[in-house]
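Please work from the sequences and hints to get the whole structure.
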Amino acid sequence: MVGDSCTLCGACVESCEVGALSLERQTKAVQDDLAGWSGVLVFCEYRGNELAPVSLELLGIGRQLADRRGVQLSGLLLGHNTGETAKLLIGHGADVVYLVDDPALGAFRDDCYSQVTAAVIREYKPEIVLAGATAIGRSFIPGVATMLDAGLTADCTKLQIREEDGALLQTRPAFGGNIMATIVTESTRPQMATVRPKVMKQLEYSEARKGKVISITPTPQQLHSRVQVLESVVAEGGQVNIQEADILVSGGRGLESAKGFELISELAETMGAKVSASRAVVDAGWIAYPHQVGQTGKTVAPKLYIACGISGAVQHVAGMQSADTIVAINRDEHASIFNVADYGIVGDLFDILPKLIRKIEERR
Amino acid sequence: MKIIVCIKQVPDATDVRLDPVTNTLAREGVQSIMNPYDQHALEEAVRLRERLGGEVVVVTMGPPQAEEMLRQAISCGADRAVLVSDRAFAGADTWATAYTLENALKKIGSFDLILCGKQAIDGDTAQVGPGLATRMGVPYLTCVQKVREATGTGLIVERMMDDGYDVVAVDYPVLLTVVKNINEPRVPSLKGKMKAKKAEIVKLTAADIGADPACIGLPGSPTKVVKVFPPEGRSKRATLTGTLDEQLDQLVEKLIPYL
Ligand SMILES: Cc1cc2nc3c(=O)[nH]c(=O)nc-3n(C[C@H](O)[C@H](O)[C@H](O)COP(=O)(O)OP(=O)(O)OC[C@H]3O[C@@H](n4cnc5c(N)ncnc54)[C@H](O)[C@@H]3O)c2cc1C
Ligand SMILES: Nc1ncnc2c1ncn2[C@@H]1O[C@H](COP(=O)(O)O)[C@@H](O)[C@H]1O
Chain A
1 MVGDSCTLCG ACVESCEVGA LSLERQTKAV QDDLAGWSGV LVFCEYRGNE
51 LAPVSLELLG IGRQLADRRG VQLSGLLLGH NTGETAKLLI GHGADVVYLV
101 DDPALGAFRD DCYSQVTAAV IREYKPEIVL AGATAIGRSF IPGVATMLDA
151 GLTADCTKLQ IREEDGALLQ TRPAFGGNIM ATIVTESTRP QMATVRPKVM
201 KQLEYSEARK GKVISITPTP QQLHSRVQVL ESVVAEGGQV NIQEADILVS
251 GGRGLESAKG FELISELAET MGAKVSASRA VVDAGWIAYP HQVGQTGKTV
301 APKLYIACGI SGAVQHVAGM QSADTIVAIN RDEHASIFNV ADYGIVGDLF
351 DILPKLIRKI EERR
Chain F
1001 MKIIVCIKQV PDATDVRLDP VTNTLAREGV QSIMNPYDQH ALEEAVRLRE
1051 RLGGEVVVVT MGPPQAEEML RQAISCGADR AVLVSDRAFA GADTWATAYT
1101 LENALKKIGS FDLILCGKQA IDGDTAQVGP GLATRMGVPY LTCVQKVREA
1151 TGTGLIVERM MDDGYDVVAV DYPVLLTVVK NINEPRVPSL KGKMKAKKAE
1201 IVKLTAADIG ADPACIGLPG SPTKVVKVFP PEGRSKRATL TGTLDEQLDQ
1251 LVEKLIPYL
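Respectively, the protein sequence lines represent chains A and F. Here the first sequence stands for residues 1 to 364, numbered as in the working numbering. Here the second sequence stands for residues 1001 to 1259, numbered as in the working numbering.
Hints in this document: simulated from the structure, not taken from any laboratory. Quick reminder that beta carbons are idealized off the backbone N, C-alpha and C, glycines included. Check before you lean on any hint, since a few could be wrong.
Said to hold, decoys possible - Stretch-level coverage of chain F by chain A, calculated; a stretch enters the list once three of its residues show a Cβ under 8 Å from a Cβ in chain A:
#1 1071-1084
#2 1138-1146
#3 1201-1207
Said to hold, decoys possible - Pairs of lysine to aspartate or glutamate, DMTMM-like flavour, derived with a Cα cap of 20 Å:
#4 F/Lys1146 / A/Glu236
#5 A/Lys359 / F/Glu1253
#6 F/Lys1224 / A/Asp165
#7 F/Lys1254 / A/Asp246
#8 A/Lys359 / F/Asp1245
#9 A/Lys359 / F/Glu1067
#10 F/Lys1227 / A/Asp342
#11 F/Lys1224 / A/Glu236
#12 A/Lys87 / A/Asp111
#13 A/Lys359 / F/Glu1246
#14 F/Lys1254 / A/Glu236
#15 F/Lys1227 / A/Glu361
#16 A/Lys355 / F/Asp1086
#17 A/Lys355 / F/Asp1245
#18 F/Lys1254 / A/Glu361
#19 A/Lys355 / F/Glu1043
#20 F/Lys1146 / A/Asp283
#21 F/Lys1236 / A/Asp283
#22 A/Lys125 / A/Glu84
#23 F/Lys1254 / A/Glu269
#24 F/Lys1106 / F/Asp1086
#25 F/Lys1224 / A/Asp32
#26 F/Lys1227 / A/Glu164
#27 F/Lys1191 / F/Glu1067
Structure representation (structure tokens):
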């Protein structure tokens, strides 16, 4: 009944009302020391002398998972000149921080980062490992998982503990957000996941939280690298890091020109927001590719997303539908962006945006 | 210069939906395309070969109908194509996929450079490239947006980061995953199409690549999908009413808490 293109995703089994379909779920051989793995480890990303905000969000969810399992929450901090950061991690929920502070870890290099991280995981054997689904996390964590022969789930938006057996239920969007899938890693440890920024909530900092910092000295072999970072360029003063923005003002082809796009920047400035865009305007050269939201751009989950002159093609929506609140401004009342928007205004953006900017300025 | 490009056939995502009632993948009549990022990987490979000489081999693990995509790759400039196909590969996660590709690549022979797309738009994982490189024991760089310099011994590339980019130097052998602003893929030439029609596609099964049955397909995959479901609908929807001016006032009221 199924053809060659069946991927054994199992969707057919769930949907069959009479239970006529079944999939023989052969599973991977169970790792023999499964019970020897315990605790939740969060990779805490430090780049350009700053902790990536997603690290604190992961300590927040990590704390919940660790408490549910009755185990320890640890943070792994890699970098150079990390100063008081380890203490900050404890104030945000970590019981233990493994600190690897070394000049060789100042610039991000996949090979050093994965060798050091894999060594720490082998030593302390956490059952769950979480990292941010950032450029860095999504680059080197797959290397770590491969070294450990561990299962890895990308870009999760929800994490829970399964009642029966304490396994980690990892939920993530697939097919450009058209489908959600829940994934488990049953037979091997650790269970690894990268987690989308802005989805999990961080805990309030508390001076009262106590924890331990364990400094680790990496071996020369672990720090051996075959790549050389010649230069790190922060583009446009960091304005391109749209995944960490709370508010995004996003422009599409409705702006008609690069000049029209200046209205977007103006609104963004008024609101303290960053600027993003549809692919159409990136292709037109009005703004650089790192600002592109969507299936072939970045996936964002800001608190507020304001789409101006964007039609709402599925490939665009795939990248922004997990925003908390979506506002759409479009002159075509049938534009599909209105199907995902919480607040929509039908009208000409060249008329609306200047008025909106003025009204916001008046209220501040 | 020998370059291997890993390409994947994916459903055109515009068409993929889960029927909210039956929870089935509504894949009827869904077109298959070459993963968009992989088109850029292929284009970069062909450009490098044009400058430095050598050979571009495209490889895919997929069902028999992926042959069509391999022919398309040849029409776009690839020299040879390999289809790694076996019923036993079905249900592979990124671990099992990287394992399979590793064994296929060992069969294909030595290489200087492996190119992958940043991610496949069906699974959106971006894990196969780094997994494959790690298994092969070669360094890798992800999200490469520009090849600044390419010589017979190595590369200097720009790798996209969240806040900008890094300029990185690396010697062969190396694996890169690429993003779409690295180049503009060409359209197939008439000559290329002719060549594609006649080209012989090498086919490899699980046995051909000496794969351990416990490491491929569903049984080889550490991760397991236990549930698929449609995303929750957005529920907050509210309407703004009145004149444009009134609507804007209501909107600003809603926006103020975010500022
Ligand atoms: C494989 C693939 C991958 C893709 N990946 C992405 C991706 O990652 N991100 C992405 O965004 N797209 C992506 N696309 C493209 C996508 O399909 C759409 O073409 C694109 O999103 C359209 O951009 P747009 O909404 O800005 O332009 P249009 O679709 O042209 O929409 C412009 C909108 O502006 C409105 N408008 C015009 N003038 C005004 C005015 N004066 N006032 C108010 N409204 C006005 C119009 O009514 C219209 O709705 C991808 C496509 C493919 C095939
Ligand atoms: N089945 C496959 N065959 C060949 N290459 C693949 C396959 N799956 C993934 N890849 C390569 O790995 C990249 C990342 O895929 P993914 O990790 O699935 O998002 C793709 O862009 C391809 O270059």
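Going down the list of hints, with the structure as the test:
| no. | hint | result |
| --- | --- | --- |
| 1 | 1071-1084 | violated (count 0) |
| 2 | 1138-1146 | holds (count 6) |
| 3 | 1201-1207 | violated (count 0) |
| 4 | F/Lys1146 / A/Glu236 | holds, 18 Å |
| 5 | A/Lys359 / F/Glu1253 | holds, 10 Å |
| 6 | F/Lys1224 / A/Asp165 | holds, 15 Å |
| 7 | F/Lys1254 / A/Asp246 | holds, 15 Å |
| 8 | A/Lys359 / F/Asp1245 | holds, 10 Å |
| 9 | A/Lys359 / F/Glu1067 | violated, 58 Å |
| 10 | F/Lys1227 / A/Asp342 | violated, 28 Å |
| 11 | F/Lys1224 / A/Glu236 | violated, 41 Å |
| 12 | A/Lys87 / A/Asp111 | violated, 27 Å |
| 13 | A/Lys359 / F/Glu1246 | holds, 11 Å |
| 14 | F/Lys1254 / A/Glu236 | violated, 30 Å |
| 15 | F/Lys1227 / A/Glu361 | violated, 47 Å |
| 16 | A/Lys355 / F/Asp1086 | violated, 61 Å |
| 17 | A/Lys355 / F/Asp1245 | holds, 8 Å |
| 18 | F/Lys1254 / A/Glu361 | holds, 14 Å |
| 19 | A/Lys355 / F/Glu1043 | violated, 46 Å |
| 20 | F/Lys1146 / A/Asp283 | holds, 16 Å |
| 21 | F/Lys1236 / A/Asp283 | violated, 32 Å |
| 22 | A/Lys125 / A/Glu84 | violated, 26 Å |
| 23 | F/Lys1254 / A/Glu269 | holds, 18 Å |
| 24 | F/Lys1106 / F/Asp1086 | holds, 17 Å |
| 25 | F/Lys1224 / A/Asp32 | holds, 19 Å |
| 26 | F/Lys1227 / A/Glu164 | holds, 16 Å |
| 27 | F/Lys1191 / F/Glu1067 | holds, 19 Å |
The structure fails to meet hints 1, 3, 9, 10, 11, 12, 14, 15, 16, 19, 21, 22 from the earlier list, while all remaining hints are met.
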